[in-house]
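If you read the sequences in order, they're chains B and P. With our numbering as the guide, the letters of the first sequence map in order to residues 1 to 318. With our numbering as the guide, the letters of the second sequence map in order to residues 1 to 183.
Heads up, a few of these hints could be off.
Unchecked claim - Some chain P residues near chain B, calculated using beta-carbon distances under 7 Å: (1) Q10; (2) V14; (3) D21; (4) P50; (5) T54; (6) N95; (7) G99; (8) F119; (9) S124; (10) F126; (11) W167.
Claimed, not checked - Label-pair ranges, simulated between beta-carbon atoms: (12) Q287(B) - N120(P): 42 to 52 Å; (13) E173(P) - P312(B): 33 to 43 Å; (14) D21(P) - V81(B): 53 to 63 Å; (15) V250(B) - A137(P): 18 to 28 Å; (16) T67(P) - P155(B): 26 to 36 Å; (17) T207(B) - A117(P): 53 to 63 Å; (18) P116(P) - G232(B): 47 to 57 Å; (19) P116(P) - V250(B): 16 to 26 Å; (20) T207(B) - A137(P): 56 to 66 Å.
Quick caveat, the hints were computed from the structure, so don't treat them as lab data. Quick reminder that beta carbons are idealized off the backbone N, C-alpha and C, glycines included.
Letter by letter, the chains look like this.
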Amino acid sequence: MPFNAEKFIGAAVSSIRASVGDGKAIIGISGGVDSSVAAVLCARALGRRVDCVFVDTGLMRKDEARLVKAMLSRAGVGVKVVDASAGFFSALEGEEEPERKRKIIGERFIRVFEKEAKRFGAKFLVQGTIAPDWIESGGGGRDTIKSHHNVGGLPDKMGMKLCEPLRDLYKHEVRVVARALGLPQEISERQPFPGPGLAVRIVGEITPGKAAIVRGACAIVEEELEAAAKKGKLELPWQYFAALLPTRTVGVRGDERSYQYTVVVRAVRSLDGMTANFSHIPPEVLQKISTRITNEMREVGRVLYDITNKPPSTVELE
Amino acid sequence: MILIVDMGSQYTHVIWRTCRDLGQEGRIVPKAVARAELDAADAVILSGGPSSVTKDDFHSLPGFIKTSGKPILGICLGHQLIAHTLGGKVVKGKNAEYGVSRVEVDRPGVLLEGLPASFNAWVSHFDEVQRMPAGFASLAHSDTCAHEAMECVGKKLFSVQFHPEVWHTENGERMLENFLRQV
Numbered sequence: 001m002p003f004n005a006e007k008f009i010g011a012a013v014s015s016i017r018a019s020v021g022d023g024k025a026i027i028g029i030s031g032g033v034d035s036s037v038a039a040v041l042c043a044r045a046l047g048r049r050v051d052c053v054f055v056d057t058g059l060m061r062k063d064e065a066r067l068v069k070a071m072l073s074r075a076g077v078g079v080k081v082v083d084a085s086a087g088f089f090s091a092l093e094g095e096e097e098p099e100r101k102r103k104i105i106g107e108r109f110i111r112v113f114e115k116e117a118k119r120f121g122a123k124f125l126v127q128g129t130i131a132p133d134w135i136e137s138g139g140g141g142r143d144t145i146k147s148h149h150n151v152g153g154l155p156d157k158m159g160m161k162l163c164e165p166l167r168d169l170y171k172h173e174v175r176v177v178a179r180a181l182g183l184p185q186e187i188s189e190r191q192p193f194p195g196p197g198l199a200v201r202i203v204g205e206i207t208p209g210k211a212a213i214v215r216g217a218c219a220i221v222e223e224e225l226e227a228a229a230k231k232g233k234l235e236l237p238w239q240y241f242a243a244l245l246p247t248r249t250v251g252v253r254g255d256e257r258s259y260q261y262t263v264v265v266r267a268v269r270s271l272d273g274m275t276a277n278f279s280h281i282p283p284e285v286l287q288k289i290s291t292r293i294t295n296e297m298r299e300v301g302r303v304l305y306d307i308t309n310k311p312p313s314t315v316e317l318e
Numbered sequence: 001m002i003l004i005v006d007m008g009s010q011y012t013h014v015i016w017r018t019c020r021d022l023g024q025e026g027r028i029v030p031k032a033v034a035r036a037e038l039d040a041a042d043a044v045i046l047s048g049g050p051s052s053v054t055k056d057d058f059h060s061l062p063g064f065i066k067t068s069g070k071p072i073l074g075i076c077l078g079h080q081l082i083a084h085t086l087g088g089k090v091v092k093g094k095n096a097e098y099g100v101s102r103v104e105v106d107r108p109g110v111l112l113e114g115l116p117a118s119f120n121a122w123v124s125h126f127d128e129v130q131r132m133p134a135g136f137a138s139l140a141h142s143d144t145c146a147h148e149a150m151e152c153v154g155k156k157l158f159s160v161q162f163h164p165e166v167w168h169t170e171n172g173e174r175m176l177e178n179f180l181r182q183v
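Pulled out of the complex, with its shape left as it was, chain B reads as follows (with noise of 0.2 Å):
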C-alpha cells in the first residue's frame, strides 16, 4: 500500500474544509513544493476563502519574489507579496546563535501572517509543514535539532489557529501530490529551500551585505550544477547551494595580499531529507564554482565543499 496521492487529497480537502468551517484563511507561502501543494489544497477546499502571502524576508535566493509569483500565477494561484524585509535584518541585528535566529524569524513571520490575517478577516494559518519539520524541532522525547521556523520558531502567543494539512508527509510525497494535483513541474520537482531562507546559509551573524554574498554564490552554485546536470556530467542533487561562514583566510589576488570570507558549497543525495550523502560532484564542475564565486565576489577568497553526510551534519549549516 504505498502512498496513495489520491485518497491524500480527498482527505486532505475534507480535513481543511472541517477545521476552517465557513471562515477564512491566510497561507504562508514560500515558492517550495511544499506551501504550494497547500495553497492548491485549500483552493479547493475553501475558494475563495483563502489568501496567499509570501513574506519577502530580504533573505531570499536572487529574484525570488518575482519568480515565485510568475511560477505560481502560472500554477493558477495568486500571491500577495509583502515586503518585510527591514523588520527582519533589524529583528536579527547582532544576533549570532542559530537557534535565537529561527525564534527571531519565526516571530516575525507570524507578526506579517497576523496583519494580513486582520486585513483578510481570516482566523486560520495555514502552513505548508511537513513531518521533517516538527520532527527535528523537538518534543516527545526527540532532541531539538533544529527548531523550523514554522513550528519551533512559532511564538508562544499568536492570534490566529494552525492548519497543517501535510503534517505527515515527507518530500518525495509531497512531489507525488503536487504531480497528481497538476502543478508544472518548476514547482513539482523545485529543490528544497528552508523557510528561514538564507539566514541559515549564513553562519554567525546576518547583515544585508552578507546576505547578498551567499544570495550571488547561491545563484552560481545554481547555475552551475544545473548546467552540468543538462550536459549528463551529473545527477542534479536532492539540494545544492552555497553558505557563508564567518571565518576569513589569506590570498593572495593579482599580487596583494588579501584576507576573506569562506563560501562552502553543498550538494547531497537525498529522498526525505531524513538521511543524507554528499553528491560526487565531478573536480572539473567543483573548480567551475570555485572559480567563478571567487571572481565574482571580491569578499569570497576560499571555496571548500562539504563532504559531511546527514548525520551526523544536517543539510543546511544552523
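Keeping the supplied structure of chain B fixed, place chain P upon it in accordance with the hints.
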C-alpha cells in the same frame, strides 16, 4: 496492528511510514505506553533514541520484552534495550558511528534473509551491545561494532544497531518485511 514505541528517535515516524508502505497499519505510542496496550498489538517495534539504557526509565517495556512472546524488533536504542534487559552488556563503544557503515553479514538468520553478504547501512550511535544475551545469534558486524544485528527466533526477538527504516540503508525495507512476516 503494529505498535511503534517512540523512544525519541528522529526516525520513529519514518518507521511508521515504511510499515504503511509495506501494507501494515502502524501506530506510534510514547515510551510510557501501558503494558495492556503492548499486549494488544500484533507486533512491536522499539525505535532508537538519544538516551542510554542504563540511565533512562523504560516503564513497562523491559517486562514486556521478557515475557510477552510477541514479535519485537528493536532498532538502535531498541536493540540495546533488548540486550540490556535480557542480561547482555551495553557499553559506550570505542568509536562512535554516524552516517554510513559497511555491514558484513555473518549469518542471515530470519531477519537478514535474502540480503547480500555486505551492504551499506546508516548508523547514528555511540553505545553498543558488547555481549549479547544468552540464546541470541549474532547476524552481522561492522568495523567498529561486533553486533550490528541479532535475533532469538524462539522468542521472536530481533534487533539491529543500524537504521533499516531510512532510505540510505540498502535493503532496509527487506529487513522490515522479514520481521513483519513473523506477525
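Each hint, compared with the structure:
{"no.": "1", "hint": "Q10", "in the structure": "holds (6 Å)"}
{"no.": "2", "hint": "V14", "in the structure": "holds (6 Å)"}
{"no.": "3", "hint": "D21", "in the structure": "holds (5 Å)"}
{"no.": "4", "hint": "P50", "in the structure": "holds (5 Å)"}
{"no.": "5", "hint": "T54", "in the structure": "violated (17 Å)"}
{"no.": "6", "hint": "N95", "in the structure": "violated (13 Å)"}
{"no.": "7", "hint": "G99", "in the structure": "holds (4 Å)"}
{"no.": "8", "hint": "F119", "in the structure": "violated (15 Å)"}
{"no.": "9", "hint": "S124", "in the structure": "holds (4 Å)"}
{"no.": "10", "hint": "F126", "in the structure": "violated (11 Å)"}
{"no.": "11", "hint": "W167", "in the structure": "holds (4 Å)"}
{"no.": "12", "hint": "Q287(B) - N120(P): 42 to 52 Å", "in the structure": "violated (29 Å)"}
{"no.": "13", "hint": "E173(P) - P312(B): 33 to 43 Å", "in the structure": "violated (24 Å)"}
{"no.": "14", "hint": "D21(P) - V81(B): 53 to 63 Å", "in the structure": "violated (38 Å)"}
{"no.": "15", "hint": "V250(B) - A137(P): 18 to 28 Å", "in the structure": "violated (58 Å)"}
{"no.": "16", "hint": "T67(P) - P155(B): 26 to 36 Å", "in the structure": "violated (47 Å)"}
{"no.": "17", "hint": "T207(B) - A117(P): 53 to 63 Å", "in the structure": "holds (54 Å)"}
{"no.": "18", "hint": "P116(P) - G232(B): 47 to 57 Å", "in the structure": "violated (29 Å)"}
{"no.": "19", "hint": "P116(P) - V250(B): 16 to 26 Å", "in the structure": "violated (49 Å)"}
{"no.": "20", "hint": "T207(B) - A137(P): 56 to 66 Å", "in the structure": "holds (59 Å)"}
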